[in-house]
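S.K.: The hints should help you fit chain B onto chain A, whose structure is shown.
Listed below are the residues making up each chain.
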Amino acid sequence: MILSKEKCRELIARRVAQEVNEGDVITLGIGLPTEVANYIPEDMMVMLQSENGMIGGGKRDLNATGNAKITNAGGLPVLTRQGAVFFDTAMSFTIIRGGHVDITVMGALQVDSHGNLANWMIPGSVIPGMGGAMDLTVGAKKVIIAMEHTTPKGEARIVKDCTLPLTARNEVDMIVTERCVIDVTPEGLVLKEIMPSFSLDEIINSTDAPLIIPDEIARKAL
Amino acid sequence: MIGGFLRCGSPVKIIDELVKNHIGNLTLIANDTSLPEYDRGLLIVNKLVKKAIVSHIGTNPESGRQLNAGELEVELVPMGTLVERIRAAGAGLGGILTPTGIGTIVENGKDVVEVDGHKYLLEKPLRADVAIIYATKADKFGNAFLDGTTRNFNTAMATAADIVILEPEEICDEPLNPAEITIPGIFVDYIAF
Chain A
4 MILSKEKCRE
14 LIARRVAQEV
24 NEGDVITLGI
34 GLPTEVANYI
44 PEDMMVMLQS
54 ENGMIGGGKR
64 DLNATGNAKI
74 TNAGGLPVLT
84 RQGAVFFDTA
94 MSFTIIRGGH
104 VDITVMGALQ
114 VDSHGNLANW
124 MIPGSVIPGM
134 GGAMDLTVGA
144 KKVIIAMEHT
154 TPKGEARIVK
164 DCTLPLTARN
174 EVDMIVTERC
184 VIDVTPEGLV
194 LKEIMPSFSL
204 DEIINSTDAP
214 LIIPDEIARK
224 AL
Chain B
2 MIGGFLRCGS
12 PVKIIDELVK
22 NHIGNLTLIA
32 NDTSLPEYDR
42 GLLIVNKLVK
52 KAIVSHIGTN
62 PESGRQLNAG
72 ELEVELVPMG
82 TLVERIRAAG
92 AGLGGILTPT
102 GIGTIVENGK
112 DVVEVDGHKY
122 LLEKPLRADV
132 AIIYATKADK
142 FGNAFLDGTT
152 RNFNTAMATA
162 ADIVILEPEE
172 ICDEPLNPAE
182 ITIPGIFVDY
192 IAF
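So the protein lines, in turn, are chains A and B.
So for the first sequence, the working numbering puts the first residue at 4; every next one is plus one.
So for the second sequence, the working numbering puts the first residue at 2; every next one is plus one.
This is chain B alone, in the form it adopts within the complex:
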């Protein structure tokens, strides 16, 4: 899984290395497939992704082309459901119940659970082998601060993979202020910069 919302908050350097080293046959879990020229979009354009589990592919025409040509499998998940499935995996939950998707094709093949008269879809946890996430700055404990709207999926993804790799723009010698940490370093296995 890879953090980022379009171009914002994407771990661009690690993605560049994946492209350079032709690391392919990937299942990509992310909000979107970005734009063709940038970050996750480059993984699509270079045909390194066999399956994408995302909420949106509309900003990358190559994703749509590969989907229609049968070259790319795409599982479209509503954005709020996608993040909660990832959060559930990281939080030790067996899934989440959401009203989103009831009465639509998103419901197909899923259990509908009724609670106090309201219908919800049972959406299962979503976990990855590796999470690659962005940070604005990090310290040697792996504690990370994410500025502005770069947080997006990075915070949930940090909790939901066997190996978590953090790409900070800056490494600080001094520990970060504990009150200003977005992602606790205990989730982070490696820092790459």
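If we strip away everything but chain A, and leave its shape as in the complex, we get:
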């Protein structure tokens, strides 16, 4: 089954949004994770934390000028929601590292069977830097990886052991792709859900790590 990139991203963001509970403090990474906010019910009280120094960032501020004083972590001008608060970077990372963030959603270059994450550099090629990703991965109560199941070339991103430099060790709790939902457990990667229109074989063949497949998932996939 081949889905468009947009459809993949929507499926992933929609599924991640189901993990969010009323009252949660959540921090979304740049890119696909940001889109999760679009699928959180409007009437659900959720505090979106932004690493550059805000809780309660809202929609894009389309009237803002280039030197806007309220931006999101991607540097784009945004409006605030009711209950918003501004703070400096030290406070922002007190919230992040201090265990006050319930859920963080991030992308990945690789994630492995031990819950190790690599998402900040490719040696000799792209070295953007870790920004706040290392602190977020270590500090958030629940780390969800939201990403397309494979690279554009079709290479596995879910691997037995990461080969790229790590962002953090043993911190990932859940992986959501357009193909499936995986729980990271001390025993390894447990296949939790198969997304519509994908087969168990397609998932196994595009994953480079052993998957634990509970009986009820295997039965459903028949």
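Among the clues, some could well be false.
Said to hold, decoys possible - 20 Å max Cα-Cα, derived SDA-like pairs, lysine to any residue:
| # | chain 1 | residue 1 | chain 2 | residue 2 |
| --- | --- | --- | --- | --- |
| 1 | B | Lys138 | A | Thr68 |
| 2 | B | Lys51 | B | Ile24 |
| 3 | A | Lys144 | B | Val46 |
| 4 | B | Lys125 | B | Lys138 |
| 5 | A | Lys62 | B | Asp148 |
| 6 | B | Lys52 | A | Val129 |
Honestly, the hints are just simulated from the structure, not real lab data.
M.R.: Relative to chain A, chain B alone:
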């Protein structure tokens, strides 16, 4: 060190003067190297920086190019660690212990300290000769108010340099309301506007 998170809360006028006057060979401590056309990004594009101690260079392709060409030394520091190293310098602390970076290449060459069964990296204080920081408005005491998300690294940096230069957008004749001051003026040596 220079305040700002991407374009937000950056002291743009002083940076423009640094560029005009070719003040180079700088070690830049900042959150990021911004975008090529703006603020700290201009220091990179004009090759005024020999070393950058930052958490992120991905928004400025020129930083990556200079890094790969061996023209720019880059020390990447996790954002939360970077701000706490600066805060430690300003607060008279000998460093901080953080779990961030344990088990990654950030750990290389650093002491690992175990406290109550948990492992932490010892990260040392980070101080500068000069801090250039942004303010939305300031009074004659140097007391400064920073609006919205412009606070970012500016507040910590104000405490951690030998010379602190404040660039407010507006100078107020009347003293600011003491309850609405983000940075106490005692940290500020010069106001430029």
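S.K.: Go through the numbered hints given earlier and state which of them the structure violates, listing their numbers in rising order.
M.R.: 3 and 4
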